[in-house]
Amino acid sequence: MSANRPKILIVEDEYLIVFMLQMCYEQMGFDIVETFDCADKAIHFVEKNPNIDLISMDISLASTKTGLDAARIIRNSGNNTPILFISGNTDYQKEANKISFSSFSEKPIGLDGITHAVNRILGLSLK
Amino acid sequence: MNTFYSICSLVALLYCAYYVLVDIDIVTFGIVFVSGFLFRMVVHFNRRYLYALANVIGIVTTGIVVFAVSVGEGFTQGFVLYYLITPLMTLSFFSTFNRRILLATFLFYGFLFAVLLHAYHNDITNEPMEKGVTDVLLFNFVAVFTFIFYFIYNFKSINEQFFKDLNQQRHQIELQNKTLQSQNETLQTQNQKIDALITSLNDKVKNNMQIMSILGEMDSFANTNLSHENYTKLYLMRLKILDLSYKMTYEQQILPQQYYHYFLNEYAKEVQKAMHAYMGKVSITANDNNDLDATNTKRFDATMILYNEIILHTFFQLNKDCRFSTAFHYNCEKNSSSHLLFTIENLTEKDTLHLNITPIQSRFAKSQGIDISNNYENGLFSIQFMMPN
Chain A
1 MSANRPKILI VEDEYLIVFM LQMCYEQMGF DIVETFDCAD KAIHFVEKNP NIDLISMDIS
61 LASTKTGLDA ARIIRNSGNN TPILFISGNT DYQKEANKIS FSSFSEKPIG LDGITHAVNR
121 ILGLSLK
Chain B
128 MNTFYSICSL VALLYCAYYV LVDIDIVTFG IVFVSGFLFR MVVHFNRRYL YALANVIGIV
188 TTGIVVFAVS VGEGFTQGFV LYYLITPLMT LSFFSTFNRR ILLATFLFYG FLFAVLLHAY
248 HNDITNEPME KGVTDVLLFN FVAVFTFIFY FIYNFKSINE QFFKDLNQQR HQIELQNKTL
308 QSQNETLQTQ NQKIDALITS LNDKVKNNMQ IMSILGEMDS FANTNLSHEN YTKLYLMRLK
368 ILDLSYKMTY EQQILPQQYY HYFLNEYAKE VQKAMHAYMG KVSITANDNN DLDATNTKRF
428 DATMILYNEI ILHTFFQLNK DCRFSTAFHY NCEKNSSSHL LFTIENLTEK DTLHLNITPI
488 QSRFAKSQGI DISNNYENGL FSIQFMMPN
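Just so you know, the protein sequences line up as chains A and B, in that order. Take 1 as the starting number for the first sequence in my numbering and just add one per residue. Take 128 as the starting number for the second sequence in my numbering and just add one per residue.
Treat the hints with caution; some may be incorrect.
To be verified - Computed Cβ-Cβ distance ranges for the label pairs, DEER-style:
| id | chain 1 | residue 1 | chain 2 | residue 2 | range |
| --- | --- | --- | --- | --- | --- |
| 1 | B | T306 | A | K41 | 39 to 47 Å |
| 2 | A | Q93 | B | I321 | 20 to 28 Å |
| 3 | B | T326 | A | Y15 | 14 to 22 Å |
Unchecked claim - To be clear about the criterion: a stretch of chain A counts as covered by chain B if any three or more of its residues have a C-beta under 8 Å from a C-beta of chain B, and this derived list gives those stretches:
| id | stretch |
| --- | --- |
| 4 | 30-39 |
| 5 | 68-78 |
The set of hints was computed from the structure by calculation and includes no laboratory data. Please read these numbers as outputs of a predicted model, since none were measured by experiment. All C-beta atoms, glycine included, are put in the ideal place defined by N, C-alpha and C.
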């Protein structure tokens, strides 16, 4: 793990997708700091490690809290880490767009799509 | 109950007819005729459950008949007629529970009406009061007030009975409400479970599509072979079609028309690129205005899948044998008789046979009532999709 590479946290409950996202983000030059399948663990981790560059978050998770709930809690704690929501359910898109420094991408999304979304969200956060 | 109304009307009619026969008078006859008609209307409206209307007509008609007979035939006759009709009317029009109170009310108002009529009769005609009428009036007065006091005395028990019945009905309604609430809660729970299941299934489907998508892309990175890359691209496009079809069928989304155009253009580009490697020049056009009707999702869904089938099928054949240098022109249009037509121009029969471009009778197409046939004539190969109207 290089200190210069941007850090990313993956929150996704489907381990095969986690595996693929890991490969994808590593190829894009990210360091995968941690992967979680539920919201609570992710919230706890972000509280302790606020210097993450990007959070890749599914919305339907293996917990009572959704990815949207987790994002709101993170934002309320004063953390403005960009969040990329990747979900198959477009019903959440409207709610996801209300969260600052966030972007919504619908599954299935290709590698190009992920790259584009990451660039867009990071560009947005830099502005 | 209708028979009872009819009997009442008939009795009233016969009673009036008697006076008409005794002393034929055109005015009286007219009144009797109209009254008879109105009484029949009461029966008619009662049969059609218009009770309020029937009651009003009945009461008004009774008043008119009594008034007319009183004026025409003398006060006593009118008064007797009133006594004959009123209880029948009361029994007929109102519920069993209220009839005693209403009977007393009718009698009371009848008494007042009779007194007023008598006074009017005396003022107008100056005829002396007929013999026995005073006794009848006195009897009426005593009877009415006896009735009233009796009913006031019994009102408590009537009231109690009324509230008892009311409470019983309320209890029954409450029981029914509880049953309905319980059924509603069960249905809501079932709906919630179904919604949760659908959401869960949606997640699974989308996750699996995501996995297939990334796997396909990763596979294309691993294999730099051009043919393999083309296969992978087509595989990914097919996945996109699946995603689109899934959206339309399960999520019931009406996607913007631009989305379809974008998607089809992307799809066409991919096929063009793939075919270009072997053939040099390819054009794929679609008549968007006529064909890509996003408002008709079923038809468009079918169109998308048929597009997929025909182009994919062709592509595989081209990959199998890449000796062709013919420029293909795919044209898609819909004529006035709702036929969707794909044509491939500049194609020899040999090429056609060699390409084996045969339409695929998919299960989906059949289920949508789409009939597919192909034809080769004068260098033009066409595949016709007979779309259901």
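Hints, verified against the model:
1. Remark: the range hint 39 to 47 Å for T306(B) to K41(A) is upheld by a beta-carbon distance near 46 Å.
2. Taking 20 to 28 Å as the suggested C-beta distance range, the pair Q93(A) and I321(B) conforms, at roughly 23 Å.
3. Range check, T326(B) to Y15(A): about 20 Å between beta-carbon atoms, so the 14 to 22 Å window is met.
4. Look at the stretch 30-39 of chain A against chain B: 0 of its residues bring a Cβ nearer than 8 Å to a Cβ of that chain, fewer than three, so the hint is violated.
5. For the stretch 68-78 of chain A, the proposed coverage by chain B is not satisfied: 0 residues have a C-beta within less than 8 Å of a C-beta in that chain, short of the threshold of three.
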